[in-house]
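Spelled out, the chains give:
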Amino acid sequence: MVTLTSPALLDNLRVKLADSYKPDRPCVTVCGGTGCRVYGSEKVWEAFRKELATQKVDAKLSMDVKVTGCHGFCEKGPLVVIRPQGVFYARVKIEDVPEIVSETILGGKLIDRLVYSDPQSGEKIAHEEDVPFYKNQYRLILNLNGDLDPLQIDEYIARGGYGSLEKVLTQMSPDAVIAEIKASGLRGRGGAGFSTGIKWELCQKNVKKTGKGYIVCNADEGDPGAYMDRSIMEGNPHRVIEGMAIGAFAMGVHQGYVYIRNEYPLAVKHLRYAIDQARAYNLLGKDILGSGYEFDIAIKLGSGAFVCGEETALIASIEGRVGEPRPRPPYPAESGLWGKPTNINNVKSWASVPIIIDKGAAWYAGIGTENSKGTMIFSIVGKINNTGLVEVPMGITLRKLIYDIGGGIPNGKKIKAAQLGGPSGGCLPAEHLDVPIDYASLTELGAIMGSGGLVIADEDTCMVDFARYFMHFTQEESCGKCVPCRIGTKAMLSTLERICAGDGQPGDIDYLLELAETIKSSSLCALGQTAPNPVLTTLRYFRDEYEAHINEKRCPARVCKGLITYSIIPEKCEGCMVCLRNCTSSAISGEKQKPHAIDPKMCSRCGVCINLCKFDAITVN
Amino acid sequence: MPVSINEIYEIINKEAQGDGSLIAALEEIQERYSYLPAEALILASERLGVPLSQAYSVATFYNAFSLKPKGKHCLHVCMGTACHVRGSPQVLDRLESKLGIKAGETTRDHLFTLETVNCLGACALGPIVVTDGEYSGQMTTVKADRLLKTILQAGSEE
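Quick note, the sequences are listed as chains L and U, same order.
Take this note's numbering: the final residue in the first sequence is number 621, and no numbers are missing along the way.
Take this note's numbering: the final residue in the second sequence is number 779, and no numbers are missing along the way.
Quick caveat, the hints were computed from the structure, so don't treat them as lab data.
Glycine residues also receive a C-beta, built at the ideal position from the N, C-alpha and C atoms.
Hints are supplied without guarantee of correctness; some may be wrong.
Said to hold, decoys possible - Estimated spans, in silico, between C-beta atoms of each pair:
1) U:S678 <-> L:A440: 38 to 46 Å
2) L:L110 <-> U:H731: 52 to 60 Å
3) U:E717 <-> L:N411: 38 to 46 Å
4) U:R729 <-> L:S589: 26 to 34 Å
5) U:E717 <-> L:S521: 36 to 44 Å
As the list claims (entries may be wrong) - Not the full set, but computed from the structure, chain L residues with beta-carbon under 10 Å of chain U:
6) R14
7) K16
8) D296
9) S585
10) N611
Stated by the list, open to error - Below 27 Å or equal to it, Euclidean Cα-Cα: the simulated DSSO-like pairs (lysine-lysine) are:
11) L:K359 <-> L:K182
12) L:K93 <-> U:K719
13) U:K723 <-> L:K614
14) L:K182 <-> L:K205
15) L:K109 <-> L:K50
16) L:K614 <-> U:K691
17) L:K614 <-> L:K413
18) L:K340 <-> L:K359
19) U:K691 <-> L:K561
20) L:K601 <-> U:K719
21) U:K770 <-> L:K592
22) L:K561 <-> L:K601
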């Protein structure tokens with residue numbers, strides 16, 4: 001590897017690499033994101049490598065197999081795209097590989113059973129760019145994710161990577177960089193939505209005063225159901241590194257940290273690898289591109305504490321202590337890591353920086369709405385056809401996101417609610433689907449943008465149980481430092497558990513509301529201050545479900561175990577004994593070929609019998 | 622796995638790089654032994670100049686650390702939101718009743734440890750159960766039974 005001691009050397013390298021990394025060079029890209037790996041994509045790309053050799057494709061087409069980062073369409077993995085044509089095959093198995101090579105790659109023909117069929121229209125769609133899931137997105141941060149080999153810094157450079165860092169070091173002053181970020185309107189993508197430029201400016205001022213400071217990339221992505229930060233780090237780690245290097249230059253900082261979840265082994269591996277490559281090229285280190293600027297990045301692994309996503313808790317954790325938040329002020333920009341000014345941004349915020357520098361603040365500010373600029377990445381999960389990661393301009397409606405991109409709700413069910421912003425967020429009912437997604441509109445409705453988790457609930461989801469789930473989560477993750485959060489969330493949880501068990505009492509709703517207000521107004525950090533949000537929004541929009549649980553002892557969605565009974569419809573039961581044999585509570589009795597019966601007193605409502613019954617003979621009342 | 626004081630000391634020495642080394646050292650030891658032996662906490666506190674009380678508080682605060690040895694096989698049930706709405710509580714219930722332990726516990730024969738995890742980010746495949754690092758997606762109570770059976774069979778063939 002050459003050491004890039006001047007910007008000219010980087011330019012030369014890019015020119016040299018351009019030929020070997022042409023965007024239109026023939027290759028098979030296989031998604032290597034965590035999701036597709038679970039589906040077995042590793043075996044698929046190995047099979048492609050073998051098959052391309054066996055069928056001697058290389059001699060004819062000089063075709064590569066490229067393992068990329070997450071393509072986003074996790075529902076349909078393992079995903080395969082044949083470039084340059086962009087033929088898109090979903091759910092590819094090893095057995096399909098020889099046929100793909102002979103028919104599609106060599107023969108130019110499509111294989112019908114592997115072609116994606118749109119769940120809404122039933123239409124068959126052969127090319128990636130025409131699939132509604134991709135077509136309706138605006139992929140700015142994720143644009144190279146399905147295209148780039150994340151372990152090849154050369155490919156990133158060939159596509160213009162580190163060009164923004166070069167521009168900053170050669171043509172811009174630190175103040176000009178900060179002015180540019182401010183003008184872009186970028187707001188922190190971690191949840192709070194504070195102006196990134198203003199945050200940088202504060203930190204820069206304090207670094208000048210004290211002579212030392214740090215920057216941190218917050219990759220402690222803890223919201224259940226959100227995994228976009230992981231996918232960025234897995235699929236395009238160099239963009240995060242480049243963004244951090246630009247920020248470091250702007251703020252006058254020489255050391256950065258990435259605080260990343262231990263539960264993301266692949267992201268950690270790719271990031272480590274990328275940092276080493278960047279160092280080898282002199283894009284990190286003592287004298288970056290001969291500019292005299294010094295900056296390096298160290299990785300700190302989180303140890304599984306949700307509260308460490310909060311910036312003061314994160315700082316405590318990097319310092320090797322228990323991750324408990326402390327009161328602010330002083331804000332980290334004044335006194336952060338080891339008492340020095342520290343700027344903490346989310347992965348998506350850092351990854352947006354090189355794009356803003358490259359295309360200009362005015363261009364970036366042209367995307368989105370008046371108060372929410374740029375794009376946002378959502379992970380659409382739960383009861384949705386197209387589970388996956390999507391990047392859209394701010395201001396898009398939930399309906400467009402859920403139906404045009406997400407493909408609607410499976411099994412012909414109706415949507416009941418969209419939950420945004422994880423355990424700190426809120427549930428919006430179906431009647432608010434046409435609201436534009438921006439910071440202000442969501443706050444007004446009681447939800448938050450958060451870090452982009454979007455969980456869809458359908459008519460089978462019990463909203464009281466859903467709220468209980470989130471409260472259970474925050475209660476477990478509460479660090480216990482301040483009383484309102486430690487005891488308040490426990491009191492809220494036990495009330496919700498009581499309601500779900502069928503022991504709700506009149507007055508419970510008022511009690512929940514009172515607790516919620518107290519916790520919100522008096523907790524030390526954002527974890528506690530936002531913990532009641534799922535309960536508050538479900539109470540606001542689905543109060544009738546709470547009332548049914550409390551007053552009528554009925555769970556309308558038939559979920560809460562204390563309020564449902566299982567029974568067998570004698571006319572449908574064939575007496576096959578399968579449920580009887582598998583019942584863990586021995587609650588089912590009967591004889592062969594005669595209708596069985598469930599004893600409700602012994603039944604643990606585990607649901608095994610429903611899963612097993614081939615005759616739909618078991619009902620929930 | 623027997624605890625080797627020398628090995629623990631080596632790990633701590635390797636990780637001892639200025640402020641904030643405690644967590645990294647404990648992570649390495651946890652990785653090596655799948656728990657933190659008492660000796661490790663004492664050694665870490667002495668070598669890194671951190672009060673033992675602080676080492677203990679760190680070890681009990683973070684979910685990644687355990688003070689008890691884990692079973693031969695670790696089952697992690699994902700309790701993320703997507704898995705939850707797709708039925709992971711039923712899967713967990715089933716595994717709990719089949720193994721006769723609660724989440725967070727280890728069977729008396731030290732064969733299984735059952736744990737929950739908050740989102741692995743493979744939401745399209747929920748509910749997810751991870752067995753010794755191997756992911757199984759779209760779990761149901763029936764598939765959970767089969768999973769246990771496979772592990773037990775593989776064990777008896779060894």
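Hints, verified against the model:
| no. | hint | in the structure |
| --- | --- | --- |
| 1 | U:S678 <-> L:A440: 38 to 46 Å | 41 Å, holds |
| 2 | L:L110 <-> U:H731: 52 to 60 Å | 53 Å, holds |
| 3 | U:E717 <-> L:N411: 38 to 46 Å | 28 Å, violated |
| 4 | U:R729 <-> L:S589: 26 to 34 Å | 31 Å, holds |
| 5 | U:E717 <-> L:S521: 36 to 44 Å | 38 Å, holds |
| 6 | R14 | 33 Å, violated |
| 7 | K16 | 37 Å, violated |
| 8 | D296 | 14 Å, violated |
| 9 | S585 | 8 Å, holds |
| 10 | N611 | 5 Å, holds |
| 11 | L:K359 <-> L:K182 | 14 Å, holds |
| 12 | L:K93 <-> U:K719 | 33 Å, violated |
| 13 | U:K723 <-> L:K614 | 30 Å, violated |
| 14 | L:K182 <-> L:K205 | 15 Å, holds |
| 15 | L:K109 <-> L:K50 | 21 Å, holds |
| 16 | L:K614 <-> U:K691 | 38 Å, violated |
| 17 | L:K614 <-> L:K413 | 21 Å, holds |
| 18 | L:K340 <-> L:K359 | 32 Å, violated |
| 19 | U:K691 <-> L:K561 | 31 Å, violated |
| 20 | L:K601 <-> U:K719 | 20 Å, holds |
| 21 | U:K770 <-> L:K592 | 26 Å, holds |
| 22 | L:K561 <-> L:K601 | 12 Å, holds |
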